[in-house]
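> Work the whole structure out from these sequences, hints included.
There are 2 protein chains.
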Amino acid sequence: MIYSNTASVGQLRAETHAAVMEFINSYKENNFYISGYKKGWEKVEQCRSKISELLQNKLNSVLLYTSTTDAMSILLTQLRLKEGSVVAIPKEYFPSIGGIKLSFEQMKYKVVEIGNDKGEIKVEDIQDLKIDVLLIEWVNYWNGYKNNLKDLSHWCRKNNVIFAVDAVQGVGSCAIDFDIHDIDFFISAGHKWLRALEGAAFAVVSERMNSLLKQTIFGYNSFSDRNQYDCKNRHINHSLLRFELGTLSGVSFISLHSAISELLNENYNNVVTKLKQNSFAITQHLLSYGAIVHSPIVEEKCTGIVSFTLANIDTLEIYNKLLEFGVIAKIRNERIRLSPDATVNLENLLQRLNACLKGIL
Amino acid sequence: MIYSNTASVGQLRAETHAAVMEFINSYKENNFYISGYKKGWEKVEQCRSKISELLQNKLNSVLLYTSTTDAMSILLTQLRLKEGSVVAIPKEYFPSIGGIKLSFEQMKYKVVEIGNDKGEIKVEDIQDLKIDVLLIEWVNYWNGYKNNLKDLSHWCRKNNVIFAVDAVQGVGSCAIDFDIHDIDFFISAGHKWLRALEGAAFAVVSERMNSLLKQTIFGYNSFSDRNQYDCKNRHINHSLLRFELGTLSGVSFISLHSAISELLNENYNNVVTKLKQNSFAITQHLLSYGAIVHSPIVEEKCTGIVSFTLANIDTLEIYNKLLEFGVIAKIRNERIRLSPDATVNLENLLQRLNACLKGIL
Chain U
1 MIYSNTASVG QLRAETHAAV MEFINSYKEN NFYISGYKKG WEKVEQCRSK
51 ISELLQNKLN SVLLYTSTTD AMSILLTQLR LKEGSVVAIP KEYFPSIGGI
101 KLSFEQMKYK VVEIGNDKGE IKVEDIQDLK IDVLLIEWVN YWNGYKNNLK
151 DLSHWCRKNN VIFAVDAVQG VGSCAIDFDI HDIDFFISAG HKWLRALEGA
201 AFAVVSERMN SLLKQTIFGY NSFSDRNQYD CKNRHINHSL LRFELGTLSG
251 VSFISLHSAI SELLNENYNN VVTKLKQNSF AITQHLLSYG AIVHSPIVEE
301 KCTGIVSFTL ANIDTLEIYN KLLEFGVIAK IRNERIRLSP DATVNLENLL
351 QRLNACLKGI L
Chain Y
1 MIYSNTASVG QLRAETHAAV MEFINSYKEN NFYISGYKKG WEKVEQCRSK
51 ISELLQNKLN SVLLYTSTTD AMSILLTQLR LKEGSVVAIP KEYFPSIGGI
101 KLSFEQMKYK VVEIGNDKGE IKVEDIQDLK IDVLLIEWVN YWNGYKNNLK
151 DLSHWCRKNN VIFAVDAVQG VGSCAIDFDI HDIDFFISAG HKWLRALEGA
201 AFAVVSERMN SLLKQTIFGY NSFSDRNQYD CKNRHINHSL LRFELGTLSG
251 VSFISLHSAI SELLNENYNN VVTKLKQNSF AITQHLLSYG AIVHSPIVEE
301 KCTGIVSFTL ANIDTLEIYN KLLEFGVIAK IRNERIRLSP DATVNLENLL
351 QRLNACLKGI L
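These protein sequences, in sequence, are chains U and Y. Number 361 marks the last residue of the first sequence (my numbering); no jumps. Number 361 marks the last residue of the second sequence (my numbering); no jumps.
Derived from the structure by calculation, the hints contain no laboratory data. Because the structure is a prediction, the values reported are computed rather than measured. Certain hints may be false.
Within a straight-line C-alpha distance of at most 30 Å, the following computed DSS-like cross-link-like pairs (lysine-lysine) qualify [what the hints assert, rightly or not]:
(1) U:K130 <-> Y:K232
(2) Y:K91 <-> Y:K301
(3) Y:K82 <-> U:K214
(4) Y:K274 <-> Y:K122
(5) U:K43 <-> Y:K321
See the structure below:
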């Protein structure tokens, strides 16, 4: 079988698997809690600097959450703008944005949907609008189209627009071709292209948000003396870390720590290049069979996601046929989505696609 | 070493360890995502019914969150009562309650601290007060004192008071001697007395809260068609499940599913009785050495937590001495807290306590 569904859940690297095992096995150790377990939780804290390293972040705060949705919903719900403020979101989005859209509407912000039906938003789509917040997806979850964060972030900074990005389909698959400090909320999770376990997500938040967030949701981690549970006169953390709530899934962040470390060791840009090349090769292959490709077809624009359909053939039939030929894909938006990670045996995958498509067509 | 810190983190049972391993190993499987991984996630969904089974719940909704704090902060922040509503909380509490207290104050509720300085609240403490919400801890985190949920829940129901319980130190260590349907928010987590991994928590919420919660925080799981990511015209779930946000830590809930299943197999009440007997034996032992015990000293009132100090001896010195004699304890509220789980070798623990106390005194 060839796994081609990283856009849902990535497979752990051998090293990450080992790091997880080590932590899980520490529960069996004679000196549980004071050795392996403790070391594991040290990695959870070190995870913040690994995330910063990955994103070349020097100044923004790294906050840890369980999922992209949690991070986005918890943080953006506490963004207090004037009634009637305008929030622009893409026309095509994953339901995480659908969730926060409802919160925004309740806060009496005006939500406008812009860009094209692939989720792409360009500066020309916003430059004539009077907006206060731009919330986009870096890479669309079903069609793989990628937005230009550099251009958009520059425009937002210049126009004093808050810029928030759901980056979950881009981190680990696309080049960091922007300055993280120009983005106000950069939110992502570990269990897709970073290849960690579910349960580890993060938000990189710019310091200027400190005055625009009005805290309404507090957790025990909101206090500055985090490890001091006993002090009655606790102080709220001055830093943005006050927006973190409760105990995290340690094992998930241990896996994320390992996953990012390994990705940096491998050289991030090599992984990105490989994914782009693979997606382009798959796309070319599909086109040669007359498939309709819904993801980018130019190599430069390719990300990790390839989306296709076959004229007059039911998508579920293609999905099942792929499975029969040993390819694990996913149906998203009624299209087949292929998203193998960079370690895929491309030749083998193309052979299977060959055989499968020949069998169908 | 003898681990005596379950009130912080419980050790996994062998079966739970195996269930976790199986899931983690599924990431390496040839057919990743369609076999072991999928089966694992089925357990996450089954976890709701296991939680219900444990608490003899038939009617209330079981919502899944990452931590007790997350569950409490996310849910209770969305409780919309009239300005000036009165919320009673205990005098002594873990900072999770400190967090939600700040939210309540922001919502312009009046927060009053009641009961004694061990965190105990009795019906007589509230019967003359005009309160709208009672938020308590079932068992206090450092001194092990337990509140009577049956009496308090009956009084709250009769007086139309919303009753919320942080139960994290009671679930898995105390008898379910109340009717869960009389409690509006029963919130707990898996990584202490239930002996699961961190990252799995739950809230059992009464249906009557459906009309008192006004949703302001939405996630992709708030939609009724949870597995349908592509539909633009999504509907908000009518059930309380709409208050769940994003992707959970699968491995944590798989461990919780196993942990509760095993606990039920072992017979919950036997575990409770064992913990009570052990705590009482430890208490007797400590008293015989002239220790000052801050947790309950009557067997009937004992829970899993024993708290003590020694006159004129620094607590950190006791802690280090215990470690030297192979006992892993914890300092909480400047006292030594012992909280071994029911599988502890009691004789061995008492011997070590003996040796340690003799060495100090």
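> Determine for every hint whether it applies to the structure shown.
Outcome of the hint check:
1. Proposed proximity of U:K130 and Y:K232 is supported: the alpha carbons are some 25 Å apart, at most 30 Å.
2. Simply put, Y:K91 and Y:K301 have alpha-carbon atoms about 20 Å apart, close enough for the 30 Å limit, and the pair holds.
3. Of the supplied pair hints, the one linking Y:K82 and U:K214 holds, its CA atoms being roughly 21 Å apart against a limit of 30 Å.
4. Taken as a hint, the Y:K274 and Y:K122 pair is honoured in the structure, with Cα atoms around 26 Å apart against an allowance of 30 Å.
5. For the hint pairing U:K43 with Y:K321, the CA-to-CA distance comes to about 28 Å; that is within 30 Å, so the pair holds.
When the structure is compared with the earlier hints, no violation turns up for any of them.
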